[in-house]
Amino acid sequence: MEKISLVFRKKDCMGCHACEVACKQEHGLGVGPRLVRVLEKSPDYVPIYCHHCAKAPCVEACPVEAISRNEQGIVLIDDDLCIGCKECLEACPFGAMQFEDRREVALKCDLCQHRLAENKPPACISVCPTACIYLGGKKSIAAVFEKTP
Amino acid sequence: MSEVRHIRTVCRSCHGGCGVIAHVKNGEVIKVEGDPESPISHGTMCAKGLAITQLAYHPDRILYPMRKDNGDWKRICWDEALDTVAAKLKKIAAAHGPESIIIGQGTGRDFESHFSRFGNLLGTPNMLTAGHMCYLSRIGATLTTCGRHPAIDYANNPKCIVMWACNPLWTNPDEYKGVSFWRAYEKGAKLIVIDPRKGFLAKRADLWLQLRPGTDAALTMGFFRVIIDEELYDREFVSQYIHGWDSFVARVKQDYSLDRVAEITWVKQELIRKAARLYAITKPAGIHWGVPTEQTNNCTDFTRTAVGLMAATGNLDAPGGNVFHEPPGTRKISEFSANRALSDEQRKKRLGGDQYRLAARMTIVTPKCAWDAILTGKPYPVKAGYLVATNPVVSRANAREVYHALKKLEFLAVSDFFLTPTAELADIFLPAGTWLEQDHVSENWKYHGYVLARQKVVEIGECWQDHKIFMELGKRMGQQWWDTIEDSLDWLLEPTGLTWQEFKKKGYLHGEQKYYKYREKGFSTPTRKVELYSTILENWGRDPLPKYTEIPESPFSRPDLAEKYPYILNAGLRTPTFFHSANRQIPWLREIRPDPIVEIHPATAEKHGIGEGDWVWIESPRGRIKEKAKLNNGIDPSVIVAEHGWWFPETGSADHGWEVSNINMLTDNSHESMDPVMGATNLRVLLCNICRCGDD
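Just so you know, the sequences run in chain order S and L. Quick note on numbering: this note's numbering labels position 11 of the first sequence as 0, and the sequence is numbered without any gaps. To convert, take the position in the second sequence, counting from 1, and add 1376; that gives this note's numbering.
In short, the hints are calculated from the structure, not lab data. Keep in mind that a hint or two might mislead.
Reference excerpt, derived from the structure (chain L facing chain S, CB under 10 Å, subset only) [as the list claims (entries may be wrong)]: (1) 1424; (2) 1444; (3) 2013; (4) 2014.
Computed Cβ-Cβ distance ranges for the label pairs, DEER-style [said to hold, decoys possible]: (5) 1636/L - 0/S: 50 to 60 Å; (6) 30/S - 1939/L: 47 to 57 Å; (7) -8/S - 1406/L: 46 to 56 Å; (8) 108/S - 1776/L: 31 to 41 Å; (9) -8/S - 1870/L: 56 to 66 Å.
These figures come from a predicted structure and were not determined experimentally. Built from N, CA and C at the ideal position, the CB exists for glycine as well.
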């Protein structure tokens, strides 16, 4: 089956942070972990998010095999297995891996798989006013960038 | 497990309008989502709206009425609260006349009609809103120039969009939201951005005009100069539908050479030429303009010239240009507001009414006149206030004066969500409902042709929607209101043939759009034409032709001050997380923006030994505050850009740090600094100096 992933078309991100709050709400997160985050360097905005890498450094770094990529291509952490060692935070080249102090576990984007199951886009995608966040397999993402002038 | 109900409603975390689906479980909102069927927001939502559950269920929110006893807040019941306010206001009105009571609102929670009705039936002409320098000021200026507010027509895809001092993707847009702009832009529209600061849109623009802050009205004159010299105007429209074209042309030719415009605005002549040509030649083209143009002494004249540009290029009421949207047919705000109930005798007593004639026509006063009356007792004493959804201690110019004026009132009632620095000055606190707790025909005052059903999703604590507070307080004052909110909404909707219950199911109404209406009826002005030469202003003894007046505190108007305060402070930078002084206590939003930000050009910062993240003193002739430095090479090195609206709810003290980072400690509200007919305060452009905290 074709793998899916998350892609921001960075040049269309205008730093409104709606994706961040939608994500917090969807995952019931308080202050602290930010599964998606937009850094401001006006006039540029840099989204930090999980790319669900095909060869994911976080998966490779985890000493207890708590992180894996499922058949859809979504990289997930098994909370019960995570020992809170933060190796994955060090390994992630995008700074996307987060940590929840309260439960002492690593935390990451799960592509809102519960929403995908209901045929709904992830929370971040659903609110973006410039529609700069995309979900899709290799083909659909290629189509996104082909359309870029 | 209890069922989750989905309720369709409409956001009001800013000026509002975005469609929302609220998820409710066990009587509590657990989540909000964008409504894909909303004609305004098309399923999107912003950070502020998405954080509503953290506001509505915030531990600091006040959920019951309170009375202040010897400096301490005590919980009371609604009956006691309303009886106390009614008795106080009646007593003061009997002793000093109803004009001795001010009522005030900020940007509001969509209760303008109720606010005005309460004031009119009370008999006070002294209603304070943000309107003297925000939105109502553009309604006033467009009313006098072309009869109605011409909003950009994104639905018909302008081929050229002029984004003038505005970023609808970030903040508080009025008619259309950012998503509508974006869709039109994505279809290939040319984009001209006019902004002193290089933001996201400036980066994307075909042309970016980086003007000196506050010189917008000179730049419109520059556009006109090109359009006139190169004869790019619509001859037929100009000859048939513009009143005073020849005298306006004479003024532009005499006073606004491109050389002079470039000198005033700092925008190169060639760039002005290119932008004016692009706007004038591309059809259709629309102008989307923002509030910074209104928050200076040039408030009215800028809007008048912007309307002039739409008119002269044939884009007024043309599809894809700037159009007069047809109202959806509900009762008008003015009718609901009972404007006629205010007697001529009381109307004449409006503070500053003789001076600020346009503000008076819009039935408001500029707040400076109210502070003057409270503090000096002239022209008559003002003794009491009722402030709703407003935090003037933070959001109005010359904050220190505002604070002292409110403190001096014999009686003050405030209605809000939290104990703000303003609410802390009150004697009675009335807990207001958020938009989740409101039934209303929303957006009825806007000029986009829609009304939308905002329906109550939950009730929280003892909070009431503002409309009900006005209504129940009004009844106790002997005013005529309806029995229930639903009765009042039925009356508002009556001409549409719908009841509130039916409207709620329908979701929204849209007026039938027609274009070029002026061809049959002309424009709703005294001459039935677009009045570039205003007969109304002429009757008021004002200059009938628009012009640029130098900013009262600039390096050019005040070289004496500029020695000590060498930088231009461009105050009031908006953020996508906060709405003026709101939301500083919302965890999700404060995490994104924990500190007040001042933007400084790297070269300027280096000169002062300021690094990214340093706290910086910003000082104006009126005081100093501190904000945190962010380096930005997208601003002119002589311009300092600073956020507004800051106070610190987290501090335990009753002042909540309102003086620490409040940009309005620095702004001026002298009569000389305001727009001469609207009383718009200059919240945007002044002189300042900076230094690193610790170096002082």
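Are there hints from earlier that the structure breaks, and if so, what are their numbers?
Result: hints 2, 3, 4, 5, 6, 7 and 8 break, sorted rising.
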